[in-house]
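Asker: Listed here are the chains, written in short residue letters.
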Amino acid sequence: MGEQKNVGIVIVSHSAKVAEGAADMVRQMVGDSVPLAAVGGNADGGLGTDVGAIMGAIDKAWSESGVAILVDLGGAETNSEMAVEMMPEERRERIVICNAPLVEGAVMAATEASGGSPLAAVRATAEELMGG
Amino acid sequence: MQEVKAHALLTNEVGLHARPSVKLTQLAKRFASTVEIAIAADGPWTDAKSPVKIMRVKAAKGETLFMRANGTDAEAAVSALADLVNRKFDEE
Chain A
271 MGEQKNVGIV IVSHSAKVAE GAADMVRQMV GDSVPLAAVG GNADGGLGTD VGAIMGAIDK
331 AWSESGVAIL VDLGGAETNS EMAVEMMPEE RRERIVICNA PLVEGAVMAA TEASGGSPLA
391 AVRATAEELM GG
Chain B
-9 MQEVKAHALL TNEVGLHARP SVKLTQLAKR FASTVEIAIA ADGPWTDAKS PVKIMRVKAA
51 KGETLFMRAN GTDAEAAVSA LADLVNRKFD EE
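Top to bottom, those sequences are chains A and B. As numbered in our numbering, residues 271 to 402 make up the first sequence, in order. As numbered in our numbering, residues -9 to 82 make up the second sequence, in order.
Worth double-checking, as some hints may not be accurate.
[Stated by the list, open to error] Simulated pairs of lysine-lysine, DSS-like, Cα-Cα distance not exceeding 27 Å:
#: 1; chain 1: B; residue 1: Lys19; chain 2: A; residue 2: Lys275
#: 2; chain 1: B; residue 1: Lys51; chain 2: B; residue 2: Lys19
#: 3; chain 1: B; residue 1: Lys51; chain 2: B; residue 2: Lys78
#: 4; chain 1: B; residue 1: Lys(-5); chain 2: B; residue 2: Lys48
#: 5; chain 1: B; residue 1: Lys(-5); chain 2: A; residue 2: Lys330
#: 6; chain 1: B; residue 1: Lys19; chain 2: B; residue 2: Lys(-5)
#: 7; chain 1: B; residue 1: Lys51; chain 2: A; residue 2: Lys275
#: 8; chain 1: B; residue 1: Lys43; chain 2: B; residue 2: Lys19
#: 9; chain 1: B; residue 1: Lys78; chain 2: B; residue 2: Lys19
[As the list claims (entries may be wrong)] One side only, chain B facing chain A, incomplete, derived with CB under 10 Å:
#: 10; residue: Gly5
#: 11; residue: Lys13
#: 12; residue: Thr15
#: 13; residue: Lys19
#: 14; residue: Ser40
#: 15; residue: Val47
#: 16; residue: Lys48
#: 17; residue: Ser69
#: 18; residue: Ala72
#: 19; residue: Leu74
Source of the hints: derived by calculation from the structure; they are not laboratory data. No residue lacks a Cβ here, since even glycine has one placed at the ideal position from N, Cα and C.
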């Protein structure tokens, strides 16, 4: 099914449990045709986000078609932005952070990605949730 | 180009809930034709390839799902969608 061509999804939460649960929902609802990685918690295992861990998640979910990142609150977004900036230049343009709710956005983005849609369409579908 | 229509009764317990919506969208995306669904024969019609829009349709068990498609594979698209509904989205 050309799995590695589908856009990848990265879930970034302050909580490892939220990240893991959101990833479970994506796997169960959408299936495994979409590269997926979820990361949550700081380096000490507490609530928070970690730039290095986010970079690892982007690597894990990497697809030549790009990666869409879903985040929860403040630091998850700024640390994700930092992680994107630290990625190799040729990859940066193919990584987007979606302005969408974490769980619903991840499921919607993954559904769109599972149909082989390009990165811009995946992002638009996740962000459509905010638009009404 | 030809428009093809079909309809199917929602018989699965949860109707067009989250997971069935995802399955329907994924299936519709496999076809080149435009594919739309509605909960009345005369619409309003919703793009079956849009997961967000389909999720908002919220059709319940016992309702009839109407579908129509336009394009070269319209016939196959509509019959695949009707088949998915008739199979209760492979959930039961």
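Asker: Taking the hints in turn, state whether each one holds.
Answerer: So, going through the hints one by one against the coordinates:
1. Lys19/B with Lys275/A: holds, 16 Å
2. Lys51/B with Lys19/B: holds, 24 Å
3. Lys51/B with Lys78/B: holds, 10 Å
4. Lys(-5)/B with Lys48/B: holds, 20 Å
5. Lys(-5)/B with Lys330/A: violated, 43 Å
6. Lys19/B with Lys(-5)/B: Roughly 17 Å between the alpha carbons, so the hint for Lys19/B and Lys(-5)/B holds.
7. Lys51/B with Lys275/A: violated, 36 Å
8. Lys43/B with Lys19/B: Holds - the C-alpha atoms of Lys19/B and Lys43/B are around 14 Å apart, at most 27 Å.
9. Lys78/B with Lys19/B: Distance ~19 Å between Lys78/B and Lys19/B Cα, so the pair holds.
10. Gly5: Since chain A brings no Cβ nearer than about 16 Å to Gly5/B, farther than 10 Å, the hint is violated.
11. Lys13: holds, 9 Å
12. Thr15: holds, 6 Å
13. Lys19: holds, 3 Å
14. Ser40: Given a least distance of 7 Å, the restraint on Ser40/B holds.
15. Val47: The hint is violated - Val47/B has no Cβ within 10 Å of chain A, the shortest such distance being about 14 Å.
16. Lys48: violated, 15 Å
17. Ser69: violated, 19 Å
18. Ala72: Constraint on Ala72/B not satisfied, violated at 19 Å.
19. Leu74: violated, 15 Å
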